[in-house]
Structure formats: structure tokens, C-alpha cells
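Asks: Here's the letter readout for the chains.
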Amino acid sequence: GESVGLHLPTLSVQEGDNSIINCAYSNSASDYFIWYKQESGKGPQFIIDIRSNMDKRQGQRVTVLLNKTVKHLSLQIAATQPGDSAVYFCAETWGNKLVFGAGTILRVKS
Amino acid sequence: EAEVAQSPRYKITEKSQAVAFWCDPISGHATLYWYRQILGQGPELLVQFQDESVVDDSQLPKDRFSAERLKGVDSTLKIQPAELGDSAMYLCASSSRISGATDTQYFGPGTRLTVL
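Protein chains in written order, with this note's numbering: chain A, 1 to 110; chain B, 1 to 116.
Calculated from the structure, these hints are not laboratory results.
Computed from a predicted structure; not experimentally measured.
One thing to keep in mind: the hints can contain errors.
[Unchecked claim] Away from chain A, derived, C-beta distances all over 12 Å, residues of chain B:
(1) K62
(2) A67
(3) L70
(4) G72
(5) V73
(6) G85
[As the list claims (entries may be wrong)] Partner residues are not named here, just some residues of chain B that face chain A (Cβ under 7 Å, in silico):
(7) G40
(8) G42
(9) P43
(10) A88
(11) L91
(12) F107
(13) P109
[Stated by the list, open to error] Cut-off 30 Å, straight-line C-alpha distance, at most; resulting in silico cross-link-like pairs (BS3-like, lysine-lysine):
(14) A:K97 to B:K78
(15) B:K15 to A:K42
(16) A:K97 to B:K62
(17) A:K42 to B:K78
Ideal Cβ positions, reconstructed from N, Cα and C, are used throughout, including at glycine.
Looking at chain A on its own, in the form it has when it is part of the complex (with noise of 0.2 Å):
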């Protein structure tokens, strides 16, 4: 997996904003993808996912869009609310393993 030790990229929004979250995969061969929220002390928690016949997934305030052609995943988050500030994983599928990228925290300002 990757790994950036206890430097991980910082998004700050504003309470109401949308938030958009960046992940760059690895393996072209990859068909499964998801999103995961992680909150301190806690596990990650499913958010969505997306298979990659696909290049859109909505679900209730998140949408996830991959781009294959430069492996490229995003999570957009509608009217970020303080209870989204967490960090926030993006997985993917090599061979039967499920591979976590680094992580971004997301700091909502009220």
C-alpha cells in the first residue's frame, strides 16, 4: 500500500461547501474501488464504491468518479457538515487484495 507516515495532504472546507477528495491509483488492472472514512479510534467505514465499468456512483451527499484513463479516483462530498471530518481512505483491487492508498483528511470549519 502506499504509505506517507503521519504527513497526510490536509482539506480544509467550509461548513455548506462541497468537498472534493483526489486519489491516484496504481494498477490499471484494477476493477474495484471504494471509499472508505476513517475517524479517530475507529475503523474505516464503507462510504461507496465503483466498479470500473463505471465512471459514476452516486449515493445520498457523495458521489465517487474514476477516470481510467489517468487512474485517477475522486470523492465529492455536497454540503460538507462537521460530522464528515475524518480521514479519508481510497482502496483498489489488485489480484483478490484490496490495496489502501494514502489517506487525506477532511477539517470542516463552522
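For chain A, the structure is supplied; the task is to place chain B on it using the hints.
Replies: Okay, now just chain B, sitting in the frame of chain A:
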């Protein structure tokens, strides 16, 4: 809503001691995973079970780590002896589809291990 259960939530131990972590997956989930997460990084797979069988333990340090899922339901991960570098969050996850990683994995709350 069904959840993955883990215990203990926190464990402090001295180096060279033995520690064990327990996981109970979501009912009916055939595939169980143990991950290690170092602070500031994403989880990394240690071992994957399909029912009671190990599917992948290539990243498990077998000189000190062992894992079992004797009846194909709950699982135990053991470290003996613990080393300072083992301090991390140990996460358990489960998924329902036999093919494993192509199905959504649901995580438990984790066990935070501190080795002194």
C-alpha cells in the same frame, strides 16, 4: 445493523510478552481479514481467511504472528513475542462473497496495541 466486533479495544503490553486479539465477523460472512494500520497510513493486509482456511498470509510475519479461525466464524490473531514496532491498530474486516476482495469489506472498530 450488523457489525464486526473486536476485542479488546485497547491493549498495552511490554515487549516480549504475548498478546491476542479477537474478531467476530458479520453473521454469514465467509471471508475474514486481519489488517495492521500504522498511524498515518492506510491498513495493510496481514491474513485472509475463507471460512476456516487461510487464503493469503504472505504479509504475516510468521515468526511471531499467528492467526486462526477454527470453526470458520470468529478469529484470533496472536503476537508472541511482541516487539516495539508492533505498536499499531489491528483491524478485522469481513465480506460475504467467496471471491473476497471484489466484495465490500466491512471493518470492525480495531484494537489499538501499544508495546512498551
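Asks: Starting from the hint list further up, note which numbers the structure goes against and sort them upward.
Replies: 10
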